[in-house]
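Engineer: For what it's worth, full-length UniProt numbering labels the leading residue of the sequence shown as 1, then goes sequentially.
To be clear, the hints were calculated from the coordinates, so they are not data collected in a lab. Incorrect hints may appear among the rest.
To be verified - Computed Cβ-Cβ distance ranges for the label pairs, DEER-style: (1) P283 to Q378: 16 to 26 Å; (2) D304 to E247: 25 to 35 Å; (3) P227 to P283: 18 to 28 Å; (4) K388 to L76: 14 to 24 Å.
We put the beta carbon where it would ideally sit given N, CA and C, even for glycine.
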Amino acid sequence: MYDQSSGQSSTATLVQAEKLSLRSSPPPPPSAPTALQADHQETIGTSKKLGSAMTTPPPSARGSGPVELPQELVRLFLEQVGDWELATTLGVRCPSLSMTAPWQEFATPLDKAILRSSTSITPVRFAIAHASTRFSQWGTRVMIRFGYIHVLEYLLQHDPHQLRGQCRRLLPVVASAWGRVNVLQWAREGSYGLDPDSTTIAESMDEASRHGQVAALDFWKDSGLTPSYTEAALLSATIQRQKASLEWWRNSGLDLKIGPVLDYASKEGTLEYLDWWANSGLPCPYSKAALRYISQMGNIALLDWWKHSRFKMDYDKDVILIATRYGQTRSLTWWLESGLDVEYRFFDIEEALEDSVMGKDESQKWWEGLGYDVGMSQTEWTRVRNFKVQWKELGGRVEHRGRRS
């Protein structure tokens, strides 16, 4: 869906506002949750690819340029995505889409004129002629997101102070996130004079990496400005499944800033990015968070991957406590049968059951198969137990409800 706060869309395509057309590209990866910046919740790279994959032209038409789509199909697509900005700038009437809350509350008449200026500067001129001279971040985002160079240039000539004030941070960051290299080039090569501080460059490169915008990464590397970036560049590319970004960084020759990437590869949920990092030749930091998250999600394939990988398993009793809280009896079974040392007390298990988020009954029945009983003595309640020892004592058999499939 469309993220109103960031002006970004996860399941939409970035349809160019200048024309009702979509270009073909490879199919997208499935969407993945992000655990990074709260104000940037969506994946732009996935956005572009999805719509393109849905509209790949027949073999006879491939290579002949953009494909014109029936307006009804575009309307249905935009309604499914919920991208009011894109629908408005394309001039496609979508009855189910209404102006978003930020636009209703904060947008100025000039912002709305900018939104209607995909092919002509006339709406902007008309608004200014009628004393609507102020525009906000919402109009600014539109100019950058859709690459309205003609509007940017017009406002730079007629109100440079306001344009520079609005674009100081937004232009490099939003253009990088959406892959609008033409906007970056306009700002760098023309009279605008793009010269952001290192913090803004870092945010821009991080966003470009997060959304798979390797052309924007190339721009910053070759811009003559000192590249700046943070650990978020690789972490977000990992969890957002942006392999092109990861390959770009690996081959960039830059001094990489590598955070706990295997934690994020584990959160991503498939083997692909764990394998990528393991085979990358790069350092692969991680923490106990990786196995905690996998246990919480009940992802047995990833638990198996970790056990048989070259990396030492870093964990504590929290892996089974969090599995208990989330009703992940398959994870509990895996840890019991793994042959690994996992120490716990039934006192801890009782607390985890009390804090259950889901599947409490299933978890409690599973633990009862290992002797959990609310009526046990204080000594038994606080005695330290070990999965490895218990599994041997049980002879590899235990009555529980969480067998692995």
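Engineer: Look at each hint and say if it fits the structure.
Structural biologist: Now the hints, each set against the structure:
no. : hint                     : result
1   : P283 to Q378: 16 to 26 Å : 47 Å, violated
2   : D304 to E247: 25 to 35 Å : 26 Å, holds
3   : P227 to P283: 18 to 28 Å : 19 Å, holds
4   : K388 to L76: 14 to 24 Å  : 56 Å, violated
Taken one by one, the earlier hints fail for this structure at numbers 1 and 4, listed in ascending order.
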